[in-house]
Amino acid sequence: MRVSASPAQTAPRSAAPPGRVEIEASCRAPLLVLFGGGVLWLFIASLFALVASLKFHNPRFMADEPYWTYGRVHAAHLTALLYGFAVPVALGVGLWLLCRLGRAPLAAPYVAALGVVIWNCAVTIGVIGILCGGGTGFESFEMPGYVAGLLLAGYLLIALCGAVTFHLRAAGRLYPSQWFVLGALFWFPWIFSTAAMMLLFMPVRGVVQASVAWWFAHNFNTVFLGFAGLASIFYFIPKLLGRPLHSYHLAGLAFWTLALFGSWGGIPDGAPVPAWIVSMGVVGTVLTAVPLLAVALNFCHTVRQDLNTLDANPALRFTYVGLIFWLIAGAHQIVGVLPHVSELTNFTWFAVAQKELFQYGFFTLTMFGAIYYITPLLLDKERPPVWAAILVKWHFWLTFIGVLISYLALAVGGVGQGIYLSDAKYLFPQIMKATLVTLRVSTLGDLLIVAGTICFLLNFALLLAQSAYRCWADYGAGARKERR
Amino acid sequence: MNSGPLLFLGLFVTMACSWLTFVMGPQLQIGGLTTTTNIIVGAIGQDYPHTEPGAAHQGAEVYRANGCASCHTQQVRPAALGSDINRGWGIRRSTAYDYLFQEPVMLGSLRVGPDLANAGRRMDAAAVLTRLYEPRAITPGSVMPPYRFLFDTRKIHGAPSPDALQIPPQFGPPPGYEIVPRAEALALAAYVTSLHQDGYLFEAPPPPGKTNAPPSIVPVAPTNAPAK
Chain V
1 MRVSASPAQT APRSAAPPGR VEIEASCRAP LLVLFGGGVL WLFIASLFAL VASLKFHNPR
61 FMADEPYWTY GRVHAAHLTA LLYGFAVPVA LGVGLWLLCR LGRAPLAAPY VAALGVVIWN
121 CAVTIGVIGI LCGGGTGFES FEMPGYVAGL LLAGYLLIAL CGAVTFHLRA AGRLYPSQWF
181 VLGALFWFPW IFSTAAMMLL FMPVRGVVQA SVAWWFAHNF NTVFLGFAGL ASIFYFIPKL
241 LGRPLHSYHL AGLAFWTLAL FGSWGGIPDG APVPAWIVSM GVVGTVLTAV PLLAVALNFC
301 HTVRQDLNTL DANPALRFTY VGLIFWLIAG AHQIVGVLPH VSELTNFTWF AVAQKELFQY
361 GFFTLTMFGA IYYITPLLLD KERPPVWAAI LVKWHFWLTF IGVLISYLAL AVGGVGQGIY
421 LSDAKYLFPQ IMKATLVTLR VSTLGDLLIV AGTICFLLNF ALLLAQSAYR CWADYGAGAR
481 KERR
Chain W
1 MNSGPLLFLG LFVTMACSWL TFVMGPQLQI GGLTTTTNII VGAIGQDYPH TEPGAAHQGA
61 EVYRANGCAS CHTQQVRPAA LGSDINRGWG IRRSTAYDYL FQEPVMLGSL RVGPDLANAG
121 RRMDAAAVLT RLYEPRAITP GSVMPPYRFL FDTRKIHGAP SPDALQIPPQ FGPPPGYEIV
181 PRAEALALAA YVTSLHQDGY LFEAPPPPGK TNAPPSIVPV APTNAPAK
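Protein chains in written order, with the numbering used here: chain V, 1 to 484; chain W, 1 to 228.
Worth flagging that the hints you see were computed from the coordinates, not collected in a lab.
Possibly wrong hints are sitting among the right ones.
[Said to hold, decoys possible] Subject to a maximum C-alpha distance of 20 Å in a straight line, what follows is the list of computed SDA-like cross-link-like pairs (lysine to any residue):
#1 V:Lys433 x V:Ala451
#2 V:Lys425 x W:Pro114
#3 V:Lys425 x W:Tyr48
#4 V:Lys481 x V:Tyr469
#5 V:Lys425 x W:Pro173
#6 W:Lys155 x W:Pro173
#7 V:Lys425 x V:Val441
#8 V:Lys433 x W:Leu81
#9 V:Lys433 x W:Ser142
#10 V:Lys425 x W:Ser142
#11 V:Lys393 x V:Leu462
#12 V:Lys433 x W:Pro78
#13 V:Lys433 x V:Ile419
#14 V:Lys425 x W:Arg122
#15 V:Lys425 x W:Asn2
#16 V:Lys425 x W:Ala137
#17 V:Lys433 x W:Pro173
#18 V:Lys425 x W:Leu6
#19 V:Lys433 x W:Lys155
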């Protein structure tokens with residue numbers, strides 16, 4: 001049986017339903033703060049990445065101050081990217097999807113906005129804490145313990161607004177994006193509070209710490225970011241193509257198998273933990289082929305030959321490329337855990353390349369697409385100005401090429417590093433020198449990403465400024481009328 | 001899937017599966033691990049691992065604060081995987097016992113620099129300090145950043161400090177000056193030199209033909225044989 005569904009069924013496309021203006025108005029304050037903060041953090045994160053990357057050209061670059069040493073800048077980069085950009089933007093897009101698909105205005109928008117402010121304060125303190133030497137030493141969970149409570153409080157305020165909005169939705173069938181958003185909303189507090197309790201406040205003993213840290217990092221990427229990105233992909237591709245999603249059931253299969261198998265894994269082969277943990281992780285990661293295939297099949301049938309429409313809409317182009325990067329990153333992850341491959345690629349740049357593609361390629365591109373669609377609606381702008389279109393184009397190509405260069409350089413470098421490392425006759429310094437070439441090439445990718453992010457930042461800031469100016473002018477005109 | 005509560009229940013069960021397997025499972029199995037006396041070769045009858053001196057614990061904090069784990073792993077893989085043991089990064093694979101007294105446990109995930117699981121068996125404090133001040137003094141072309149903020153450059157008044165770094169003159173301070181490690185540098189060196197994973201355990205027995213122990217002590221337990 002094949003049942004098709006589309007965002008068009010739950011949220012009529014053309015004739016604006018009465019609630020739509022109200023929905024945009026309710027989302028405006030929290031979403032603009034979420035997106036604005038996210039854009040700024042993304043810019044900061046890409047600057048940190050550039051500094052870290054430049055250290056491979058000259059290790060003495062910014063090495064004399066403790067704040068800018070490689071280990072701290074690298075951790076600050078990941079934190080700014082994951083907690084400054086990824087989580088808030090995922091939440092923003094998620095809230096908007098819940099409102100739009102549930103045909104309900106955002107519940108308690110000012111509570112959500114308060115949550116955003118708390119969250120961003122916490123991330124700021126956390127990043128400064130890392131630069132001052134307070135990092136935890138656990139990858140993807142670097143922020144010092146003293147901000148964990150603030151982060152969780154801010155998150156819960158935002159997520160609760162989302163949950164209440166979902167509860168107050170108009171009756172009707174749930175669209176797959178709603179499952180994905182709910183899954184992401186639910187996943188993060190669980191993994192984050194587990195990691196905070198078991199790593200920082202009541203640390204478990206020995207390698208169980210490593211085990212918890214691997215579990216957190218893997219779930220954060222594969223499930224939380226994966227769900228948030230897929231929610232946006234499942235909404236925007238059918239909606240912007242103006243055609244129904246091929247199969248509702250295939251989407252369900254992808255959702256449940258990704259929740260189940262995507263949450264297993266992340267443990268390197270040969271790790272000093274009982275072997276069954278490593279094996280379970282490998283099995284889970286290999287089985288993520290199921291959601292990968294289900295999503296690929298679903299969108300192959302949804303998109304069909306409409307690839308030429310990609311140029312028509314920047315939001316669609318970003319989302320579509322994000323989907324392709326998700327598929328490649330997923331395949332990369334599966335290949336990387338296969339027994340003979342992982343023997344070579346463990347502890348090399350190969351895994352870093354996968355994360356780069358997943359976080360920068362899949363997640364940020366998907367979110368850019370969503371932001372380009374949602375922001376003009378929030379600002380009551382149906383038709384973006386000309387300069388915006390040019391900036392969007394530059395943003396797309398700079399980021400796309402930058403991600404591709406970084407990914408390919410790191411992946412090739414990682415395989416080479418792995419092959420040399422597996423043979424003890426090559427000395428370690430020799431291997432390091434050999435991989436240095438690819439690391440330096442990846443700096444070019446980082447540079448392009450920074451340039452792309454500047455276009456994005458500029459576009460967003462100009463749009464906001466223009467809108468603020470218009471509001472101010474309108475307000476002035478209104479005041480003059482009243483005086484008369 | 002149109003019911004919110006059912007969706008939530010499904011997510012809860014899925015999440016709980018993952019949590020029970022990858023968080024609770026390891027905690028139940030090895031969370032209560034204590035020191036072992038099951039050493040096959042070496043200090044038989046003694047507890048393993050030993051506790052490390054206080055300076056090493058302070059050094060672990062410096063290691064954490066500066067993100068050393070972003071470039072250095074601390075885990076030796078089994079002989080069947082990669083060349084870790086052939087490179088001399090350890091005599092055996094790492095086991096859960098080796099990390100009992102580490103806080104936090106920083107296994108690392110990327111080898112930009114060499115593995116440090118047994119760094120204490122390869123380097124003394126002076127070598128570590130020299131590498132921290134100027135890595136290229138020991139490994140030409142190294143990409144490790146220098147950590148000069150862990151050192152003071154002082155003018156020599158009278159006799160030079162006994163702690164002063166012995167470093168090749170082209171990397172050294174101007175004449176009349178000396179480089180003295182700060183407390184953090186000394187703690188970090190104490191930590192790095194304390195890193196070692198010794199003793200063949202039941203979990204990580206010696207490779208065949210490499211033991212010098214009396215044959216009677218080596219247990220013939222097929223379940224403990226290294227994976228081939």
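### Task
Would you pick out the hints that fail for this structure and give their numbers low to high?
Failing hints, ascending: 1, 3, 5, 7, 8, 12, 15, 16, 17, 18, 19.
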